[in-house]
Amino acid sequence: MTTKHLIITFSLTWCVSILCLPLVMADTATATNSEQAKPNIVFILADDLGWQDVGFMGSRYFETPHLDALAEQSVVFDQAYMYPTCSPSRAAILTGKQSFRTGCYTVPVLEKGNSNDNIFSRWTVEKEHPVYAKLLADAGYKLIHLGKWHIVGPYPQTEGSLPFEKKLGQPKNGDFSWLAAHRTAEIQQYYPTGRGFHENVGGTWWGDPARGHDKGYNAVGGGYVFPFNNPFIAEQDDDQWLTDRLTSDAIDFMQRHKDGPFFVNLHFYAPHRPSVARKQAWLDHFMNKPGDPSTGQGTGPLKKKNEIAAYATMVKSLDENVGRITNYLDQAGLRQNTVIVFTSDNGHNGLQSRNDNLRGAKGTLYEGGLRVPTLIHWPKTITPTRCDVPIHGLDLFPTFLELAGVADYQETLDGDSLVTLMHGKPLRERSLFWHIASTYKNPPASIIRMGDWKLIQYLKDGNIELYNLRQDLKESHDVAAENPEVAETLINQLVAWRKANNVPLPPSSSLEF
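Per our numbering: the sequence shown = residues 24 to 536.
Rather than coming from a laboratory, the hints here were simulated on the basis of the structure. None of the values given here were measured: they were computed from a predicted structure. A hint or two may mislead.
As a list, the in silico DMTMM-like pairs of lysine to aspartate or glutamate whose alpha-carbon atoms are at most 20 angstroms apart [to be verified]:
| no. | residue 1 | residue 2 |
| --- | --- | --- |
| 1 | K302 | D261 |
| 2 | K157 | E209 |
| 3 | K189 | E134 |
| 4 | K61 | D315 |
| 5 | K238 | E330 |
| 6 | K195 | E134 |
| 7 | K483 | E511 |
| 8 | K150 | E434 |
| 9 | K464 | E434 |
| 10 | K403 | D484 |
| 11 | K403 | D140 |
| 12 | K157 | D353 |
| 13 | K448 | D411 |
| 14 | K238 | D198 |
| 15 | K464 | D91 |
| 16 | K497 | D315 |
| 17 | K326 | E343 |
| 18 | K189 | D140 |
| 19 | K464 | E182 |
| 20 | K150 | E182 |
The task is simple: from the sequences and hints, build the whole structure.
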């Protein structure tokens with residue numbers, strides 16, 4: 024590919040070439056898109072699904088039999104990362120660009136502090152940052168977006184140039200005063216159909232389905248139970264459960280475009296709060312099920328048990344709908360030439376789920392906020408395996424382009440195609456980077472992951488934390504003082520990355536770069 028990558032390449036402390044082998048048999052390792060029809064792509068993105076909130080990543084409380092069966096036939100990435108909140112993750116996935124390029128550092132309404140200590144986030148991703156849909160449409164794909172969009176703000180016309188003096192706000196629950204403007208061409212250009220998708224079901228500015236109800240999370244059904252009150256979903260007489268409805272529309276789209284190639288951007292709102300029980304029988308089952316002593320899932324006081332049991336039914340529902348997708352592909356004879364990508368936009372919400380194996384949760388700079396379950400499935404083209412190479416949501420855009428045979432994209436991309444790993448070959452040696460210039464659960468910071476090492480540098484004063492994730496996955500021990508040479512190496516690389524990319528720092532930062 025001629026894609027330009029601006030991420031600086033650094034040596035890993037272990038050899039990536041042995042971590043994902045063997046992936047493919049010799050007779051398929053050299054297969055290329057030119058030798059077969061372009062594959063269909065189904066990209067399933069869950070919302071707030073934690074790293075071990077699925078069976079194939081080790082949960083013994085949550086039940087995901089369809090995903091677990093799919094994982095057995097997939098490349099499972101054990102060290103897959105996103106940003107710690109949905110806005111920067113979704114901007115990174117859809118544009119292939121780091122947060123400092125799009126200006127999306129966290130969900131705007133969650134930001135804390137002042138404009139001196141933070142760079143407040145954009146909500147709307149500007150048109151100068153193309154979304155992969157346009158490239159795939161030009162390559163002959165028919166595309167649909169379903170579910171959460173969240174890269175347009177409620178008032179995009181008021182989002183001027185950074186920096187903002189105040190963080191962005193949003194309407195109250197059940198307030199549709201913004202809707203008329205959002206139906207105009209001026210704002211629809213920021214919606215899925217303005218960014219290259221041919222159809223949009225349910226994609227708008229809000230981050231959870233409860234926003235369409237006056238009582239929000241306290242509304243009956245919380246937006247997951249009909250009526251959804253989402254103005255971009257045409258409600259139907261048989262509607263009951265939002266996750267089911269989005270899946271039905273995805274299947275309908277695949278049926279209408281089964282001659283392909285098609286791209287399904289199925290970005291479920293689930294299992295984001297509010298935690299709403301899908302079925303009473305399922306809720307009773309999880310309330311009575313013993314908890315998992317390893318992760319702590321399903322344990323604790325009754326109030327926490329009620330929340331996580333309801334959440335577990337939402338995870339089970341999501342899994343059930345993944346099964347509907349794979350069953351349709353099998354019945355339609357489309358499975359063999361369809362790539363399925365499944366992942367989540369950030370770590371688990373600590374108010375819904377739990378993982379005692381990781382530090383932190385959604386919103387934090389630690390592994391509980393960053394790690395997500397991820398698999399890629401492509402029957403008879405890739406051989407099932409577990410891959411230990413660290414990957415990032417930024418890698419999905421170039422992956423989709425390579426799968427679609429798009430080799431002439433000249434815009435900046437900050438990730439690498441994963442097709443190399445899918446075919447059993449080593450990825451280039453690299454470090455992973457994050458830049459989060461606004462405060463949510465942690466102060467503004469940059470992060471570098473190099474080999475087994477992870478370093479966090481806080482932007483206000485330059486203080487650092489260093490962890491060896493191979494030895495201390497829970498990040499219990501900051502070992503910067505014991506490893507000054509490693510710390511210095513990572514700091515130098517992180518600073519060099521910021522300097523080379525002209526990464527902005529909050530005004531009060533003591534750092535030069």
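Each hint, compared with the structure:
no.: 1; hint: K302 x D261; verdict: holds (17 angstroms)
no.: 2; hint: K157 x E209; verdict: holds (18 angstroms)
no.: 3; hint: K189 x E134; verdict: holds (10 angstroms)
no.: 4; hint: K61 x D315; verdict: violated (42 angstroms)
no.: 5; hint: K238 x E330; verdict: holds (18 angstroms)
no.: 6; hint: K195 x E134; verdict: holds (17 angstroms)
no.: 7; hint: K483 x E511; verdict: holds (18 angstroms)
no.: 8; hint: K150 x E434; verdict: holds (13 angstroms)
no.: 9; hint: K464 x E434; verdict: violated (32 angstroms)
no.: 10; hint: K403 x D484; verdict: violated (52 angstroms)
no.: 11; hint: K403 x D140; verdict: violated (52 angstroms)
no.: 12; hint: K157 x D353; verdict: violated (28 angstroms)
no.: 13; hint: K448 x D411; verdict: holds (13 angstroms)
no.: 14; hint: K238 x D198; verdict: holds (11 angstroms)
no.: 15; hint: K464 x D91; verdict: violated (32 angstroms)
no.: 16; hint: K497 x D315; verdict: holds (17 angstroms)
no.: 17; hint: K326 x E343; verdict: violated (26 angstroms)
no.: 18; hint: K189 x D140; verdict: holds (12 angstroms)
no.: 19; hint: K464 x E182; verdict: violated (24 angstroms)
no.: 20; hint: K150 x E182; verdict: holds (13 angstroms)
Taken one by one, the earlier hints fail for this structure at numbers 4, 9, 10, 11, 12, 15, 17 and 19, listed in ascending order.
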